[in-house]
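Chemist: So the chains spell out like this:
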Amino acid sequence: MPQRPPQGGSAINITSPIEPEIIEKLTAGTKVLISGVVYTARDAAHQRLIQALEKGERLPFDLKGQTLYYMGPSPAPPGRLIGAAGPTTSRRLDAYTPRLLAAGIRAMIGKGNRPPEVREAIKQHKAVYFVTIGGAGALLSMSVRKAKVIAYDDLGAEAIWQLEVKDFPAIVANDIHGGDLFEQEKAKYQRGKK
Amino acid sequence: MKEIKASAITQAVARLCQEANFVLGEDVLAALKKALKTEESPLGKEVLSRLIENAGIAQKEQLPLCQDCGTAVVFLEIGQDVHIIGDLYAAVEEGVRRGYAQGYLRKSIVNKPFSARINTKDNTPPVTHVEIVPGERLKITVMPKGAGAENITKLAMLKPGDGKQGIIDLVVKTVDEGGGSSCPPLIIGLGIGGTAEKAMLLAKKALLRKVAEPNPDAETAGLEKEVLNRVNALGIGPLGFGGRTTALAVHAEVMPTHIASLPVAVNLQCHSARHKEAVL
Numbered sequence: 662m663p664q665r666p667p668q669g670g671s672a673i674n675i676t677s678p679i680e681p682e683i684i685e686k687l688t689a690g691t692k693v694l695i696s697g698v699v700y701t702a703r704d705a706a707h708q709r710l711i712q713a714l715e716k717g718e719r720l721p722f723d724l725k726g727q728t729l730y731y732m733g734p735s736p737a738p739p740g741r742l743i744g745a746a747g748p749t750t751s752r753r754l755d756a757y758t759p760r761l762l763a764a765g766i767r768a769m770i771g772k773g774n775r776p777p778e779v780r781e782a783i784k785q786h787k788a789v790y791f792v793t794i795g796g797a798g799a800l801l802s803m804s805v806r807k808a809k810v811i812a813y814d815d816l817g818a819e820a821i822w823q824l825e826v827k828d829f830p831a832i833v834a835n836d837i838h839g840g841d842l843f844e845q846e847k848a849k850y851q852r853g854k855k
Numbered sequence: 004m005k006e007i008k009a010s011a012i013t014q015a016v017a018r019l020c021q022e023a024n025f026v027l028g029e030d031v032l033a034a035l036k037k038a039l040k041t042e043e044s045p046l047g048k049e050v051l052s053r054l055i056e057n058a059g060i061a062q063k064e065q066l067p068l069c070q071d072c073g074t075a076v077v078f079l080e081i082g083q084d085v086h087i088i089g090d091l092y093a094a095v096e097e098g099v100r101r102g103y104a105q106g107y108l109r110k111s112i113v114n115k116p117f118s119a120r121i122n123t124k125d126n127t128p129p130v131t132h133v134e135i136v137p138g139e140r141l142k143i144t145v146m147p148k149g150a151g152a153e154n155i156t157k158l159a160m161l162k163p164g165d166g167k168q169g170i171i172d173l174v175v176k177t178v179d180e181g182g183g184s185s186c187p188p189l190i191i192g193l194g195i196g197g198t199a200e201k202a203m204l205l206a207k208k209a210l211l212r213k214v215a216e217p218n219p220d221a222e223t224a225g226l227e228k229e230v231l232n233r234v235n236a237l238g239i240g241p242l243g244f245g246g247r248t249t250a251l252a253v254h255a256e257v258m259p260t261h262i263a264s265l266p267v268a269v270n271l272q273c274h275s276a277r278h279k280e281a282v283l
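So the sequences go chain by chain: A and B.
The first sequence runs 662 to 855 under the working numbering.
The second sequence runs 4 to 283 under the working numbering.
No wet-lab data here; the hints were simulated from the structure.
Heads up, the beta-carbon is just placed ideally off N, CA and C, and yes, glycines get one too.
Please note: incorrect hints may appear among the correct ones.
Here chain A is said to cover these stretches of chain B; the calculated rule only asks that three of the stretch's residues, wherever they fall, bring their Cβ under 8 Å from a Cβ of chain A [to be verified]: (1) 113-127; (2) 242-256.
As a list, the in silico SDA-like pairs of lysine to any residue whose alpha-carbon atoms are at most 20 Å apart [to be verified]: (3) Lys110(B) / Ala705(A); (4) Lys63(B) / Ala705(A); (5) Lys849(A) / Thr41(B); (6) Lys110(B) / Lys849(A); (7) Lys208(B) / Lys63(B); (8) Lys208(B) / Met258(B); (9) Lys157(B) / Thr144(B).
The task is simple: from the sequences and hints, build the whole structure.
Modeler: Right, dumping it as structure tokens:
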């Protein structure tokens, strides 16, 4: 499968799960290429993870230090590991995020901005929120090297997948210092009064 | 009178569902390439070039452009001299079922939306809009509509005195609230006039127009331009990463309305602006 180097400036290579020392160095706007293991979770999977946490049930994977990718792929055509695999809107998951960060999640990949309470939780738990290229599902699927459903198969597109990715392109959107990519970049290009 | 078999409709819908998900329209691609030339933000430029690259990969590999293969919105223009042999709605639904299965497209439709939310597993039912037109042809348009942009949609029943400024403010506020979540650069569908439901349908149908083709009415075309300039002054940029290209185009459709009303619908289309049509 093709390797696609980033354009317009260099990106730093990081490995997931991401070491705390690395997370501390990441600042909003930094481009990264992520390699390693990430777990997918959308709305329904988030609900089930939270329910399991509330009831003290066993979780489908150990959340400590892990990276969540807000994604529900299209089915794998014959000869492929996975179909299109781009991010879904993060804001629908905001209500669950502080709880999952408290339970050990340290990185999230999605699209779109996060509200103040999530950004605060990211600071508090020394975590990171990345955004990747929304709507580039075909391109992003090229970074997937291994893929398997590990939980909630009955949810179809919303099952939890364990993915092994290689050079998955992303940008730091929220860091441990309270930085926010969206506010930062919008301010540069905004014209006149709103 | 022309006779069209329901099975022919099924076949056409199945093919269009796949084509629309694999092949980005030439007009959308051209608009992205044009934006790449004018965009000032380095991250914005990078997004645009990745989206163009994505379209190439999707077409070559027959992979969906986006994993959200959408709600299948189907527009039918049926000539009044056409006789359909078989069940029209069932034929369209079967076409969606087959298209999404054969194309390995994601099935994203759930039953019982406010409670159990059980996936129907075949992306049915579609949302089908039928219009009777003169003549003896059947035009089918399939628009796989992703939820990211659809979720940002707004309907406002403005006061007649709110006028043009009211419309501009509504669109700017809607796009600003959507930020990067609606997957800009957007195509903004605007439906003005009629009643609440008619305004929304106008907004959605406006999205089918060739990207950036202005409304034939000069005043409406002027409004489209003004709204576009205002939206692109927000600084949101491609995917919210900053820049000048928050929208590629504004398409407005207008119809008469009640003396007491000014219905305005804003239906957003993400950059993965997918629709394909066929005529039987």
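Chemist: With reference to the structure, classify each hint as holding or not holding.
Modeler: A quick look at each hint next to the structure:
Given as covered by chain A, the stretch 113-127 of chain B passes the check, having 3 residues with a CB less than 8 Å from a CB of that chain where 3 are the minimum. Only when three residues or more bring their CB closer than 8 Å to a CB of chain A does the claim for the stretch 242-256 of chain B stand; here the count is 6, and the claim holds. Under the criterion of a C-alpha separation no larger than 20 Å, the hint pairing Lys110(B) with Ala705(A) is consistent with the structure, at around 15 Å. Between Lys63(B) and Ala705(A) the alpha-carbon distance is near 32 Å, which puts this suggested pair outside the 20 Å criterion.
Restraint check: the Cα-Cα separation between Lys849(A) and Thr41(B) comes to about 16 Å, which is no more than 20 Å; the hinted pair holds. Of the supplied pair hints, the one linking Lys110(B) and Lys849(A) is violated, its CA atoms being roughly 39 Å apart against a limit of 20 Å. At most 20 Å may separate the alpha-carbon atoms for a hinted pair to count; Lys208(B) and Lys63(B) exceed this at roughly 29 Å. With a C-alpha separation of about 13 Å, the suggested pair Lys208(B) and Met258(B) falls inside the 20 Å cut-off, and the hint holds.
Taken as a hint, the Lys157(B) and Thr144(B) pair is broken in the structure, with Cα atoms around 23 Å apart against an allowance of 20 Å.
Violated hints, in rising order: 4, 6, 7 and 9; the structure is consistent with all others.
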